[in-house]
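Asks: In case you want the letters, here they are:
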Amino acid sequence: MKRGETEKLKFALYWAASCGGCEIGVLDIDEKILDFAAAANIVFWPVAVDTKYKDVEAIEDGNIDVCFFNGAVRTSENENMAKLLRKKAKVLIAFGACACNGGIPGLANVANREEVFDIAYLDNPSTANPEKTLPRTSTEVREGSLTLPEFYDVVKSLDQVVDVDYYLPGCPPAPQLISNAIDAIVQKKLPPKGSVLAPLKSVCDECKLKKSEKKIGEIKRMYELKELDPDRCLLEQGIICMGPATRGGCNARCLDANMPCTGCGGPTPESSDQGARMISALASILGIEGEEKMSQEEVEGMIAKVIDPLGTFYKYTFPTSIINRKVMK
Amino acid sequence: MKKKMENEESIREERSFTKAESTKGNFEPSIIGFLCNWCAYAGADLAGTSRMKYPPNIKSIRLMCSGRVDPVFVLESLKRGVDGVLVAGCHPGDCHYQSGNYKTNRRIVLLKKLLDQLGIDPNRVRFEYVSASEGQKFASVVAKFVDELKTIGPNPLREER
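Protein chains in written order, with our numbering: chain H, 1 to 329; chain E, 1001 to 1161.
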């Protein structure tokens, strides 16, 4: 170890139930990664550095300065690592939509373990599993017993398992937000505990598309639009865009690519439930023209075009919403 | 007026029907009512001052407009174990703020779709138009809702608590 290196900040990065996109997201900060490398000593990052669980266990409690934890908590392994890293890290940051709000894996809360296993291992056209083998926590073989982490019934966000210091939302977090966070850490200018390291305003506030009076005649999907006006608010063109209910910080980069916002930034600060917020916003402007002449059937027909409210409005936040799992019979 | 009478007739019929059907004898549903100041709350008030009888299962909350009902209110109520949520506002065209009732109607329709996906019976949430002069209608809406909830049964989210 070179002299002076001990003074570097000790960093850990870990992934739980996630796709790995957040790991790539860290590299999206481009040349800023060099500043990061100059300021930080990576003590644990399974994707990039060869370190094992026992290396983390060997670290003294509270001796990691900052841990970026991405992914939701789905298995006992996720939970154990969350608890271990909480113990070892001074500052634990929920990194990305899954750690902050459960993310896409969280949508599995419409089912339980049994149903998930059914689809994944049994009742699936591309799966041949005649012996109906399912993952088990322990299997006896000749050489001894083999173990697997337990697969939980529900998906949880990181803060439903351990105490979280900061949240960095996004799927993955926008490069600007990551480098702002790293700057704040290096300069020791972190906001009060519990803060979300992103702006307070919604995506619409950052969106460059032209917005006029909000009214939608009919909800459309992208392919149903005869012609997309690339300069006009997508919501006004009938495309469901989660912008009004979603925290910004991403500079509306999906909208720059003519794609509607799907809500990865999570709820805005004044709202606890992103989906309810969007239901309210969308229903207010849908069919507003001639609403006094509309029959109940027409209203229901119009709303019926929202095919999947749960998957659309709670795409990234189901586990942290008010009713955070399906009522199972 | 005639139409109203017929309506009540059918409500009464339905009520006796659901009562006979109900097997969950002593379950008393709890209902939270979000009532608009100008119509539904005044209607509920009229039902009270005219000494009309209706089940005591409803706890009313007065709002300035049914348009104030955020889906969060409904979800939070259900989460905390209430068996039914009644949202009542002015008749179409009568909203004191012009269009709050239309918006809430659409919100509730969309919210019911969500509740269905969440495994919660959408009939636990009800949107009704009750004017300030319809004390009788308010009483019968509550009575009918109570009966319906008795057949639906207790809120499963309450059992989980």
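Calculated directly from the structure, the hints in this document are not laboratory data.
For every residue, glycine included, the Cβ atom is placed at its ideal position computed from N, Cα and C.
Be aware that one or more of the hints could be misleading.
Covered by chain E, per the in silico footprint, the following chain H stretches (three or more residues, Cβ under 8 Å) [said to hold, decoys possible]:
#1 116-124
#2 159-169
#3 307-318
Here are the simulated lysine to any residue pairs, SDA-like style, with alpha carbons at most 20 Å apart [stated by the list, open to error]:
#4 Lys329/H <-> Arg1080/E
#5 Lys83/H <-> Asn124/H
#6 Lys10/H <-> Lys87/H
#7 Lys326/H <-> Gly1153/E
#8 Lys326/H <-> Pro1055/E
Partner residues aside, some chain H positions facing chain E, computed with beta carbon under 7 Å [what the hints assert, rightly or not]:
#9 Val141
#10 Arg142
#11 Glu143
#12 Leu146
#13 Leu148
#14 Ile322
#15 Val327
Asks: Does each hint hold? Answer for all of them.
Replies: Now for the hints, and whether the structure bears them out:
Counting residues of the stretch 116-124 of chain H whose CB lies closer than 8 Å to any CB of chain E gives 0, which falls below the minimum of 3, so the coverage claim is violated. Three residues within the 8 Å Cβ limit are the bar, and the stretch 159-169 of chain H against chain E gives 0, so the coverage statement is violated. For the stretch 307-318 of chain H, the stated coverage by chain E is satisfied: 4 residues place a CB nearer than 8 Å to a CB of that chain, which reaches the threshold of 3. At most 20 Å may separate the alpha-carbon atoms for a hinted pair to count; lysine 329/H and arginine 1080/E meet this at roughly 19 Å.
Between lysine 83/H and asparagine 124/H the alpha-carbon distance is near 35 Å, which puts this suggested pair outside the 20 Å criterion. A distance of roughly 14 Å separates the Cα atoms of lysine 10/H and lysine 87/H; the hinted pair therefore holds under the 20 Å criterion. At roughly 17 Å between alpha-carbon atoms, lysine 326/H and glycine 1153/E fall within 20 Å of each other, so this suggested pair holds. This hinted pair does not check out: lysine 326/H and proline 1055/E have alpha carbons roughly 31 Å apart, beyond 20 Å.
Here the hint on valine 141/H is broken, as its CB sits about 39 Å from the closest CB of chain E, past 7 Å. Because the beta carbon of arginine 142/H sits about 44 Å from the nearest beta carbon in chain E, more than 7 Å, this interface hint is broken. Annotation: glutamate 143/H was flagged as interfacial toward chain E, and the flag is violated, the nearest CB pair being 43 Å apart, outside 7 Å. Because the beta carbon of leucine 146/H sits about 35 Å from the nearest beta carbon in chain E, more than 7 Å, this interface hint is broken.
At about 28 Å, the closest approach between the beta carbon of leucine 148/H and any beta carbon in chain E exceeds 7 Å, and the interface hint on this residue is violated. Of the supplied interface hints, the one on isoleucine 322/H holds, with its beta-carbon coming within about 4 Å of a beta-carbon of chain E, less than 7 Å. With a least beta-carbon distance of about 4 Å to chain E, the hint placing valine 327/H at the interface is held under the 7 Å criterion.
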